[in-house]
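Protein chains in written order, with this note's numbering: chain A, 1 to 246; chain B, 1 to 229.
Keep in mind that the hints were calculated from the coordinates and are not lab data.
One thing to keep in mind: the hints can contain errors.
Unchecked claim - Estimated spans, in silico, between C-beta atoms of each pair:
| no. | chain 1 | residue 1 | chain 2 | residue 2 | range |
| --- | --- | --- | --- | --- | --- |
| 1 | B | 109 | A | 17 | 52 to 62 Å |
| 2 | B | 29 | A | 53 | 29 to 39 Å |
| 3 | B | 91 | A | 152 | 41 to 51 Å |
Said to hold, decoys possible - Computed from the model, here is a short list of chain B residues facing chain A with C-beta under 7 Å:
| no. | residue |
| --- | --- |
| 4 | 45 |
| 5 | 70 |
| 6 | 217 |
We put the beta carbon where it would ideally sit given N, CA and C, even for glycine.
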Amino acid sequence: MWSFFHKLGSPPWLYGISGSILRWLLPASIVALLAGLAWVLLVVPPDFRQGNSYRIMYIHVPTAVVSMAGYYVMAIAGAIHLIWKMKMADVAMKCAAPIGAALTFLALVTGAIWGKPTWGTWWVWDARITSVLVLLFLYLGVIALYEAFDNKEAASRACAVLSLVGMVNIPIIYKSVDWWYSLHQPASIKFTSESTMDASMLYPLLYMIIVFYALYTCLLLLNMRAELLDRERSKGWVRALLKGSR
Amino acid sequence: MSAPTAFAFCRRLLRRQWVLAVRRPVEVANPLLFFFMAIALFPLGLGPEPDRLASLAPGILWIIALLSNLLTSDSLFRSDFDDGSLDQLLLSPQPLYLSVLAYVLAQWLLTGALLALISPLFAVMLNLPGEAIGTLVLSLLLGTGVLSLLGGIGAALTVGLQRGGVLITLLILPLYLPVLIFGTAAVEASTSGLPAGPYLALLGGMLSLAIALAPFAMAAGLRISADAG
Numbered sequence: 001m002w003s004f005f006h007k008l009g010s011p012p013w014l015y016g017i018s019g020s021i022l023r024w025l026l027p028a029s030i031v032a033l034l035a036g037l038a039w040v041l042l043v044v045p046p047d048f049r050q051g052n053s054y055r056i057m058y059i060h061v062p063t064a065v066v067s068m069a070g071y072y073v074m075a076i077a078g079a080i081h082l083i084w085k086m087k088m089a090d091v092a093m094k095c096a097a098p099i100g101a102a103l104t105f106l107a108l109v110t111g112a113i114w115g116k117p118t119w120g121t122w123w124v125w126d127a128r129i130t131s132v133l134v135l136l137f138l139y140l141g142v143i144a145l146y147e148a149f150d151n152k153e154a155a156s157r158a159c160a161v162l163s164l165v166g167m168v169n170i171p172i173i174y175k176s177v178d179w180w181y182s183l184h185q186p187a188s189i190k191f192t193s194e195s196t197m198d199a200s201m202l203y204p205l206l207y208m209i210i211v212f213y214a215l216y217t218c219l220l221l222l223n224m225r226a227e228l229l230d231r232e233r234s235k236g237w238v239r240a241l242l243k244g245s246r
Numbered sequence: 001m002s003a004p005t006a007f008a009f010c011r012r013l014l015r016r017q018w019v020l021a022v023r024r025p026v027e028v029a030n031p032l033l034f035f036f037m038a039i040a041l042f043p044l045g046l047g048p049e050p051d052r053l054a055s056l057a058p059g060i061l062w063i064i065a066l067l068s069n070l071l072t073s074d075s076l077f078r079s080d081f082d083d084g085s086l087d088q089l090l091l092s093p094q095p096l097y098l099s100v101l102a103y104v105l106a107q108w109l110l111t112g113a114l115l116a117l118i119s120p121l122f123a124v125m126l127n128l129p130g131e132a133i134g135t136l137v138l139s140l141l142l143g144t145g146v147l148s149l150l151g152g153i154g155a156a157l158t159v160g161l162q163r164g165g166v167l168i169t170l171l172i173l174p175l176y177l178p179v180l181i182f183g184t185a186a187v188e189a190s191t192s193g194l195p196a197g198p199y200l201a202l203l204g205g206m207l208s209l210a211i212a213l214a215p216f217a218m219a220a221g222l223r224i225s226a227d228a229g
């Protein structure tokens, strides 16, 4: 048990194990993504009211789900770094921020593209949309704070504190915007809750969410490997690795 | 000389911050002047129709209160960081939790609390209905407390940086949003004759949560900034 934790703190070990995970996870998730896209574009029946435009849901919902989960990955990694001073957790936190920001941005963009034909508008100040926008701001704040420090050790600790503070805020934002909206007018646009979906549409959605989690893991590991090589570039194992690949 | 007890130390710290601020009255007045001038922009930009201003007044007053709080939060620890007295505070045996709370309290008394007490004047200028003014003052008193505590976290994290000014706004504005939502909701509820109590209670709950947790984040942020400097 403890030796596992000690190994987790070792950059060469993490580099090696992530390489052997990626060797099958990356091709597998790309194939799964292509298969999923074929499923939702060709097989799944069109919606009887929205026609084909609703198919963007199969990108929109997974990116939104994973972008929220990604914030928790970042904040928990930051907490682990703050408490146990585990260097690899710091690498994970730093690498999770841009991926999470990109996914949040994708969720907003796909939502806008879906909103135009369905609601007739690109943007509504709806509870859900606003809270995702705030999530994007939180990610961007963490990235901006990291880049502002010259001392990278201090930068990662400061970002860990900030992302933890933000984590407390996420449920508050979610609830408060609900309240704020309900005061003005009752929701005229309802998100289709999952239970009202037909199984022929629900299963592909669940499948795509799993695929996006796998893709997220791949991206995070790839990003972490690049960061590890960069940080440890003067160490013996990186030199040996580069010599071996040449 | 023996070390003072934690609370006596905080009282001295509070008095020191207070005296430092009161000796430079212009700096105390600046956020209020900003509030006043920004209020004047809205009738010019949106048109002076009284009804329209009255319906927008809760949001306008709250947004400007939030921005003027944002302007002052950057300076919370900066001068003490620059002259080294913050390092002394970090090295002292006093609990940092209470010390940073004293910093924030002193700052809040001279910005948020003062602004809340003066806000009825501006509310009248924007034609906010009379029955909402009490709610406005109460919601600003509670809400600016939360804002000051959250701003303190941003200030503690960025105090060691040369260009902290713009960065702090990026860090803490998203955290300010729940306060803005409930603050305006409270005032709007009482303009439309609904009870504002639930919103004020939620603001009070946020304030309690912020008092309990924000000093930990501030203390951690100050230690990180001092290490990096």
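Which of the stated hints cannot be reconciled with the structure, identified by number in ascending sequence? Of the numbered hints, 2, 3, 4 and 5 do not hold.
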